[in-house]
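Novice: Chain residues, written in single-letter form:
Number of protein chains: 2
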Amino acid sequence: MIKLTDVAKRAHCSPTTVSRVINNYGYISEKTRNKVYQAMRELNYQPNTAARSLQGKKTKLIGVIFPDVAHPFFGELVSKIEDSLFQAGYKMILCNAGKNKEKEKMYLQMLMANKVDGIIAGAHNLGIEEYKKTGLPIVSFDRKLSPNIPIVTSDNFHGGELATKDLFQNGASKIYFVGNPISDGHPTDRRLKGYQKAMADLQLNQHIYPVIFGDTPALKEMAIEKLLKNHQVDGIVAADDLTALLIIKIAKRLKISIPQELKVVGFDGTNFIQTYYPTLSTIVQPISDIAQILVKLLEERIKNPDLTLCNSPYILPVKLLKSTSSTAL
Amino acid sequence: MIKLTDVAKRAHCSPTTVSRVINNYGYISEKTRNKVYQAMRELNYQPNTAARSLQGKKTKLIGVIFPDVAHPFFGELVSKIEDSLFQAGYKMILCNAGKNKEKEKMYLQMLMANKVDGIIAGAHNLGIEEYKKTGLPIVSFDRKLSPNIPIVTSDNFHGGELATKDLFQNGASKIYFVGNPISDGHPTDRRLKGYQKAMADLQLNQHIYPVIFGDTPALKEMAIEKLLKNHQVDGIVAADDLTALLIIKIAKRLKISIPQELKVVGFDGTNFIQTYYPTLSTIVQPISDIAQILVKLLEERIKNPDLTLCNSPYILPVKLLKSTSSTAL
Numbered sequence: 001m002i003k004l005t006d007v008a009k010r011a012h013c014s015p016t017t018v019s020r021v022i023n024n025y026g027y028i029s030e031k032t033r034n035k036v037y038q039a040m041r042e043l044n045y046q047p048n049t050a051a052r053s054l055q056g057k058k059t060k061l062i063g064v065i066f067p068d069v070a071h072p073f074f075g076e077l078v079s080k081i082e083d084s085l086f087q088a089g090y091k092m093i094l095c096n097a098g099k100n101k102e103k104e105k106m107y108l109q110m111l112m113a114n115k116v117d118g119i120i121a122g123a124h125n126l127g128i129e130e131y132k133k134t135g136l137p138i139v140s141f142d143r144k145l146s147p148n149i150p151i152v153t154s155d156n157f158h159g160g161e162l163a164t165k166d167l168f169q170n171g172a173s174k175i176y177f178v179g180n181p182i183s184d185g186h187p188t189d190r191r192l193k194g195y196q197k198a199m200a201d202l203q204l205n206q207h208i209y210p211v212i213f214g215d216t217p218a219l220k221e222m223a224i225e226k227l228l229k230n231h232q233v234d235g236i237v238a239a240d241d242l243t244a245l246l247i248i249k250i251a252k253r254l255k256i257s258i259p260q261e262l263k264v265v266g267f268d269g270t271n272f273i274q275t276y277y278p279t280l281s282t283i284v285q286p287i288s289d290i291a292q293i294l295v296k297l298l299e300e301r302i303k304n305p306d307l308t309l310c311n312s313p314y315i316l317p318v319k320l321l322k323s324t325s326s327t328a329l
Numbered sequence: 001m002i003k004l005t006d007v008a009k010r011a012h013c014s015p016t017t018v019s020r021v022i023n024n025y026g027y028i029s030e031k032t033r034n035k036v037y038q039a040m041r042e043l044n045y046q047p048n049t050a051a052r053s054l055q056g057k058k059t060k061l062i063g064v065i066f067p068d069v070a071h072p073f074f075g076e077l078v079s080k081i082e083d084s085l086f087q088a089g090y091k092m093i094l095c096n097a098g099k100n101k102e103k104e105k106m107y108l109q110m111l112m113a114n115k116v117d118g119i120i121a122g123a124h125n126l127g128i129e130e131y132k133k134t135g136l137p138i139v140s141f142d143r144k145l146s147p148n149i150p151i152v153t154s155d156n157f158h159g160g161e162l163a164t165k166d167l168f169q170n171g172a173s174k175i176y177f178v179g180n181p182i183s184d185g186h187p188t189d190r191r192l193k194g195y196q197k198a199m200a201d202l203q204l205n206q207h208i209y210p211v212i213f214g215d216t217p218a219l220k221e222m223a224i225e226k227l228l229k230n231h232q233v234d235g236i237v238a239a240d241d242l243t244a245l246l247i248i249k250i251a252k253r254l255k256i257s258i259p260q261e262l263k264v265v266g267f268d269g270t271n272f273i274q275t276y277y278p279t280l281s282t283i284v285q286p287i288s289d290i291a292q293i294l295v296k297l298l299e300e301r302i303k304n305p306d307l308t309l310c311n312s313p314y315i316l317p318v319k320l321l322k323s324t325s326s327t328a329l
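Chains A and B, in that order, give the protein sequences.
Here our numbering is used: the first residue of the first sequence is 1, the next is one more, and so on.
Here our numbering is used: the first residue of the second sequence is 1, the next is one more, and so on.
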């Protein structure tokens with residue numbers, strides 16, 4: 001068991017200084033603070049959460065880390081999470097990590113300095129290891145399985161299957177998956193796996209066309225235009241709704257009629273898309289449920305930091321919202 | 001000058017208790033905390049910010065209060081604000097106040113308890129008075145002018161004029177404004193005023209059709225359907241892009257062709273709308289500039305809490321993004 005005095009020794013400072021850094025008390029220079037953090041990381045030192053909570057030092061602050069609230073899916077999810085946290089008496093420190101690994105790292109340090117009570121992590125940059133070193137209760141949305149950190153996710157696999165089968169049932173057979181190719185634990189991996197399973201069941205050829213989630217819309221449009229011009233395709237499972245909207249936009253520009261010549265099913269199904277793009281068929285994730293379960297699990301975690309939790313993810317059901325972008329002729 | 005002891009007297013508790021509430025230190029019951037807050041509000045007590053900052057008690061936390069990040073405009077604005085705050089070394093506590101006055105009030109209390117260094121306020125529920133009582137540095141987005149609180153806003157008046165004149169120049173004459181009617185300082189007031197000025201200049205009859213910003217999309221759709229069925233209208237200045245999208249959606253359903261029979265110009269012009277609804281003509285607000293100026297002014301305010309600031313708002317230029325929803329026949 002690593003002790004506070006071990007950290008002090010490694011950081012070449014007094015135990016009082018380490019304690020001040022951990023409890024964010026009194027004046028500490030930026031340099032010293034960083035030295036202490038580094039020592040804590042190197043030793044994987046976890047401040048004694050039980051002792052801290054006995055001191056009544058709860059801040060009622062939760063760090064919430066997602067790619068970007070300007071994205072409609074994350075905007076709605078963060079909005080619901082904030083609602084659930086507020087009802088539970090918490091406030092949210094929001095970090096839009098984007099694709100920026102350094103920003104996410106600095107946020108983790110700042111969240112430790114501000115003594116948040118826990119973290120809800122849904123960005124895609126860092127490994128879970130770096131989160132564990134914060135010594136804070138964490139729940140994860142849509143991230144790779146790791147022991148003892150609860151993961152909440154939608155049934156992405158079934159969603160991929162549902163979308164593929166819907167396209168087939170409505171007459172498509174040259175069906176492409178457009179999104180991230182299989183990577184290292186990106187959430188859309190399971191959507192792709194579901195597509196592959198359905199295509200195998202239907203004895204159809206699989207076509208994976210890479211359009212990267214973090215790329216700019218302009219880059220995505222270029223890739224999509226190439227796809228629609230150079231490939232025989234009559235059905236597309238888009239890895240998310242925004243990619244689906246770009247596909248429909250480019251198809252219109254190329255005078256490819258939807259759904260007559262090309263059928264498209266998206267993924268996410270936010271209230272925003274349902275209201276303002278009602279013609280899009282899409283797989284709907286249960287955003288409110290995801291938010292509530294994330295907050296509930298985090299609360300449990302905060303109350304019992306040492307509780308061993310179930311090792312398998314919490315997988316929530318998705319549904320197909322059927323509309324005109326994938327109807328039969 | 002109201003002193004801490006006056007607050008203690010009014011709240012029937014000891015000065016130590018008041019100090020603990022203000023500095024969020026030690027155990028205080030919810031009931032006592034609320035009594036102290038109430039006394040602070042009633043006396044308009046402002047904790048001595050200079051003294052607090054001498055104690056080096058900066059938290060580097062900023063409270064950011066907007067209606068809802070699930071709305072594309074606020075999602076993008078909050079995303080940019082978070083970026084600017086991060087670069088300045090601050091973190092953001094995000095509050096989606098929605099239409100909920102009580103929630104906004106409770107957040108203000110929590111932000112005081114968490115000793116944020118300042119507040120960026122852009123929700124529409126409370127008067128500035130209630131913010132002033134926090135005794136914190138505040139900057140406001142799009143809110144009613146109040147002495148000594150800087151206001152950042154887009155040139156909504158000019159935007160209203162631009163949209164109206166664009167519709168007229170492209171052949172519309174029965175031009176409606178669809179949005180909030182003049183209310184008590186709602187940001188879209190100035191858009192409406194700009195519409196009225198342009199219509200007067202053009203010697204056309206003004207038509208204000210109320211569709212309330214905070215209503216659900218379903219309610220808005222009902223109102224818009226009535227408008228399109230029962231009124232002679234060939235041009236619409238929509239108070240925001242989402243209302244414009246609903247108008248276009250209902251028009252399609254009623255087989256009213258756009259732009260042949262009806263021309264529409266929206267307002268906000270987020271990157272999202274520009275990318276995913278490129279057919280919509282809209283007035284573009286400079287979201288990045290707004291975010292940067294809000295953060296810069298707040299930083300100045302935090303450094304010099306007693307500085308008297310310029311009494312007039314910071315008005316940023318807008319531009320017309322011309323597209324097919326308002327082109328001539």
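Everything labelled a hint here was simulated from the structure, so no lab data went into it.
The model shown is predicted, which means the values in this text are computed figures rather than measured ones.
Hints are supplied without guarantee of correctness; some may be wrong.
As the list claims (entries may be wrong) - With a Cα cut of at most 25 Å, we get these calculated SDA-like pairs of lysine to any residue:
(1) 255(A) x 187(B)
(2) 103(A) x 296(B)
(3) 174(B) x 197(B)
(4) 174(A) x 292(A)
(5) 322(B) x 133(A)
(6) 103(A) x 257(B)
(7) 80(B) x 113(A)
(8) 296(A) x 197(B)
(9) 105(B) x 252(A)
(10) 252(A) x 174(B)
(11) 165(B) x 257(B)
(12) 133(A) x 197(B)
(13) 101(B) x 292(A)
(14) 58(B) x 34(A)
Novice: Provide an ascending list of the numbers of those earlier hints which the structure does not satisfy.
Specialist: 1, 4, 5, 6, 8, 9, 10, 12
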